[in-house]
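Chemist: In case you want the letters, here they are:
2 protein chains.
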Amino acid sequence: MSKLVGVPTVGMIGGGQLARMTHQAGIALGVNFRLLAEGQDVSAAQVVRDVQVGDYRDLRTLRTFVAGCDVVTFDHEHVPTEHLHRLEADGVVCRPGPDALVYAQDKGAMRDRLTALGLPCPRYRAVRNQDDLDVVAKALGGWPVVLKTARGGYDGKGVWVIDNAYAGDIGEIFAAGQPLIAEERVDFARELSAVVARSPSGQAIAYPIVESVQRGGVCYEVIAPAPGLPEDRAVEAQRIALRIAGELGVVGILAVELFETRDGRVLVNELAMRPHNTGHWSIDGAVTSQFENHLRAILDLPLGSPRPRAPWTVMVNILGGPYADMHKGFLHCQARDPDLRIHLYGKEVRPGRKVGHVTAYGADLDDVRARARHAAAYLTGEIDE
Amino acid sequence: MSKLVGVPTVGMIGGGQLARMTHQAGIALGVNFRLLAEGQDVSAAQVVRDVQVGDYRDLRTLRTFVAGCDVVTFDHEHVPTEHLHRLEADGVVCRPGPDALVYAQDKGAMRDRLTALGLPCPRYRAVRNQDDLDVVAKALGGWPVVLKTARGGYDGKGVWVIDNAYAGDIGEIFAAGQPLIAEERVDFARELSAVVARSPSGQAIAYPIVESVQRGGVCYEVIAPAPGLPEDRAVEAQRIALRIAGELGVVGILAVELFETRDGRVLVNELAMRPHNTGHWSIDGAVTSQFENHLRAILDLPLGSPRPRAPWTVMVNILGGPYADMHKGFLHCQARDPDLRIHLYGKEVRPGRKVGHVTAYGADLDDVRARARHAAAYLTGEIDE
Chain A
1 MSKLVGVPTV GMIGGGQLAR MTHQAGIALG VNFRLLAEGQ DVSAAQVVRD VQVGDYRDLR
61 TLRTFVAGCD VVTFDHEHVP TEHLHRLEAD GVVCRPGPDA LVYAQDKGAM RDRLTALGLP
121 CPRYRAVRNQ DDLDVVAKAL GGWPVVLKTA RGGYDGKGVW VIDNAYAGDI GEIFAAGQPL
181 IAEERVDFAR ELSAVVARSP SGQAIAYPIV ESVQRGGVCY EVIAPAPGLP EDRAVEAQRI
241 ALRIAGELGV VGILAVELFE TRDGRVLVNE LAMRPHNTGH WSIDGAVTSQ FENHLRAILD
301 LPLGSPRPRA PWTVMVNILG GPYADMHKGF LHCQARDPDL RIHLYGKEVR PGRKVGHVTA
361 YGADLDDVRA RARHAAAYLT GEIDE
Chain B
1 MSKLVGVPTV GMIGGGQLAR MTHQAGIALG VNFRLLAEGQ DVSAAQVVRD VQVGDYRDLR
61 TLRTFVAGCD VVTFDHEHVP TEHLHRLEAD GVVCRPGPDA LVYAQDKGAM RDRLTALGLP
121 CPRYRAVRNQ DDLDVVAKAL GGWPVVLKTA RGGYDGKGVW VIDNAYAGDI GEIFAAGQPL
181 IAEERVDFAR ELSAVVARSP SGQAIAYPIV ESVQRGGVCY EVIAPAPGLP EDRAVEAQRI
241 ALRIAGELGV VGILAVELFE TRDGRVLVNE LAMRPHNTGH WSIDGAVTSQ FENHLRAILD
301 LPLGSPRPRA PWTVMVNILG GPYADMHKGF LHCQARDPDL RIHLYGKEVR PGRKVGHVTA
361 YGADLDDVRA RARHAAAYLT GEIDE
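In order, the protein sequence lines correspond to chains A and B.
Under this note's numbering, the first residue of the first sequence carries the number 1, and numbering increases by one thereafter.
Under this note's numbering, the first residue of the second sequence carries the number 1, and numbering increases by one thereafter.
Bound conformation, chain A alone (with noise of 0.2 Å):
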């Protein structure tokens, strides 16, 4: 570690992707990086000096992890709210903090606290059983109604859409004991995306909205900014998210997954407190990276600028397909496209999995769009051409 006067140590929870990317960010900063990892070779473990190997579940291991660092952060909503409790109360610099983070944790706690603040959500129930959930049902307008899992779903795991109370495994879902919500299926036109920052002394900036396309469950491809959004719809967008923000004390990047409805309102959907997804685009496509920016909160530094560099930047994930070898479909797909901004994870390619990103810019929408489409295609090996 270095030890150079006043550079600051920040520790990062979590060794996925988010984590990698933030380190990246973080070497021209000039911070101290320090990982807590769940293996010695998960995805930020791999290009981080400073890497500690345990479980973030354990207090113990949270304690020893924290000790020098000046500020600690997080790749994953998953530290029990409970241990990030007992971390500040020993004087530990968490951001964002347990009394924020419980809301991108609980979306029962989280859906409480947006409708006590106005801020408008799905119609939603928390729900304890079958017939709770066939009375809630009713009050959210009828079937179908998406059931989730108040804590630990992603990626669309933990979410199901329910056409009757009592078909199929539910009573499986209710069995394994776990708080669950009930929502109204939001008959949207599409999901935008509201990624903000904010600093622990109040400042904040807002990254233009963005579209994003789901595919299962999974973030495939955003948009950056969201076409044909008209612009006080991307305002309000805006304002809900730095609204969140500062309501609920969030330090650091915010995401907001809005569904925007076909009568042109936008409903809050989820909320993650760190670098997300539908912020990757930033890296090659804004001044200053979303991953950038989440440091220079957390450590309280002034904003980096969130304008885009082109009219239009579009981003697709990279999921695992058939082929092991992504560094191979390199030579197709730099070869083809000089200009394409390729991401890879560093990380072992399992069907489905998010193994890397693939970001394209430029003036003409449908050409990023397709160059950007082409090469995820190829990479994740839907297409060999």
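Among the clues, some could well be false.
Since the list gives no way to pick one copy over another, a pair counts as held whenever it fits inside one copy or between any two copies.
[To be verified] No more than 25 Å apart at the CA atoms, straight line, and that leaves these computed lysine to any residue pairs for SDA-like:
(1) K328 x P179
(2) K328 x P302
(3) K328 x V287
(4) K328 x V7
(5) K354 x P8
(6) K328 x Q203
(7) K354 x G6
(8) K328 x E382
(9) K328 x P338
(10) K328 x S305
(11) K328 x L242
(12) K354 x E184
Simulated from the structure, these hints should not be mistaken for laboratory data.
The structure presented is a predicted model; accordingly, all values stated were derived computationally and were not measured.
Model the placement of chain B on the given structure of chain A, informed by the hints.
Modeler: Okay, now just chain B, sitting in the frame of chain A:
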């Protein structure tokens, strides 16, 4: 280290900021990056997972380091040529290879080779003693002449402008016994730099020709592209660099520092076969940075576009000044200019030492230049507001 299928391991010798920024680019490419560093805490060693500390002048150290590397490359030109020949004989892939690298290591060999190729250079002669120098000065058109050590000089070190063969401490220079060359002092209008990348399969790209401004023999500012440079002269400079890369068999980045004379010629001053200070602007200013293209070239991947992303990009070096705490300057510079790109190298501040650089870009050269200069001057400690 990642054991992923098809992922190559790059070994880089030397742990300075060039290795640091190369690793940063390599994170996105998903390559394994291994470092032979001069110490545990040198610039690149702070941010790389797989660091071996050792002396690059020791063949055994080098042999241990290169085991398992698919390709070996360099942060500097100081690895002894004879060691690189031994490694090549062992089957190690060095890029650039010793037969090319020697022309970046030995200025006498470089001048002889470029002259034989008919490439424009200042007039020069090898000189063995002060009497030699006195004779050579006349052959070069009279005093002053520029005396250079053939090996080991950089950033103005190992270079002297001489008015008289017997003046001052010139005797000491010769007494050191190192090979020296004398060159005519070129009455140049400004200095230019041509940065190109070349892959083993012969693909090559050329970045726009930039203007570099020196202060005390050290690069201070780089403007991309060089303002007011006639198109034909820019193409000539690119052709010279591409020809050198091809003729010398350079793999990776080649930087050719050039004099632009008052009568409109370009003459080769120095060569570097690694990412170069005059290419740092490309991180924020080009589609593909010189660091990424260095890696793509040495891995024989298709090269990325060197196209500039803004009409003007200006990079100014941050040199060590009175402030030990470089991080603190962020508060001022980042708050003043959210579009500014600051890159710190994790190096202890010593007077005149390159500890980082700032980059600004935009459509108005005067504005871009003023912003970059202001931030560098503030971070260097030359101004305090």
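Chemist: Does each hint fit the structure? Answer for all of them.
Modeler: For each hint, the structure was consulted:
1. Proximity of K328 and P179 under a CA criterion of 25 Å is satisfied in neither setting, with 44 Å inside one chain copy and 46 Å between copies.
2. Taking the shortest alpha-carbon separations for K328 and P302, only the inter-copy value of 11 Å comes in at or below 25 Å, while the best intra-copy value is 40 Å.
3. In this homomeric assembly, K328 and V287 come within 25 Å of each other (Cα to Cα) only across copies, at 21 Å, whereas the closest approach inside a single copy is 30 Å.
4. Only between protomers do K328 and V7 lie at most 25 Å apart by alpha-carbon distance; the minimum there is 9 Å, versus 39 Å within a single protomer.
5. Proximity of K354 to P8 under the C-alpha cut-off of 25 Å is restricted to the inter-copy arrangement: shortest distance 20 Å between copies versus 31 Å within a copy.
6. When the C-alpha separation of K328 and Q203 is checked against a cutoff of 25 Å, the pair qualifies only between copies, where the shortest distance is 18 Å, while the shortest distance within a copy is 43 Å.
7. Within a single copy, K354 and G6 get their C-alpha atoms only as close as 36 Å, which misses the 25 Å cut-off; across copies the closest is 18 Å, which meets it.
8. In this assembly of identical chains, the alpha carbons of K328 and E382 lie at most 25 Å apart only when taken from the same copy (15 Å versus 49 Å across copies).
9. Taking the shortest alpha-carbon separations for K328 and P338, only the intra-copy value of 16 Å comes in at or below 25 Å, while the best inter-copy value is 38 Å.
10. When the C-alpha separation of K328 and S305 is checked against a cutoff of 25 Å, the pair qualifies only between copies, where the shortest distance is 19 Å, while the shortest distance within a copy is 35 Å.
11. Within a single copy, K328 and L242 get their C-alpha atoms no closer than 42 Å, and across copies no closer than 27 Å, so neither meets the 25 Å cut-off.
12. For the homomeric pair K354 and E184, neither the shortest alpha-carbon distance inside one copy (29 Å) nor that between copies (59 Å) is at most 25 Å.
Hint compliance for this structure: hints 1, 11 and 12 are broken, all remaining hints hold.
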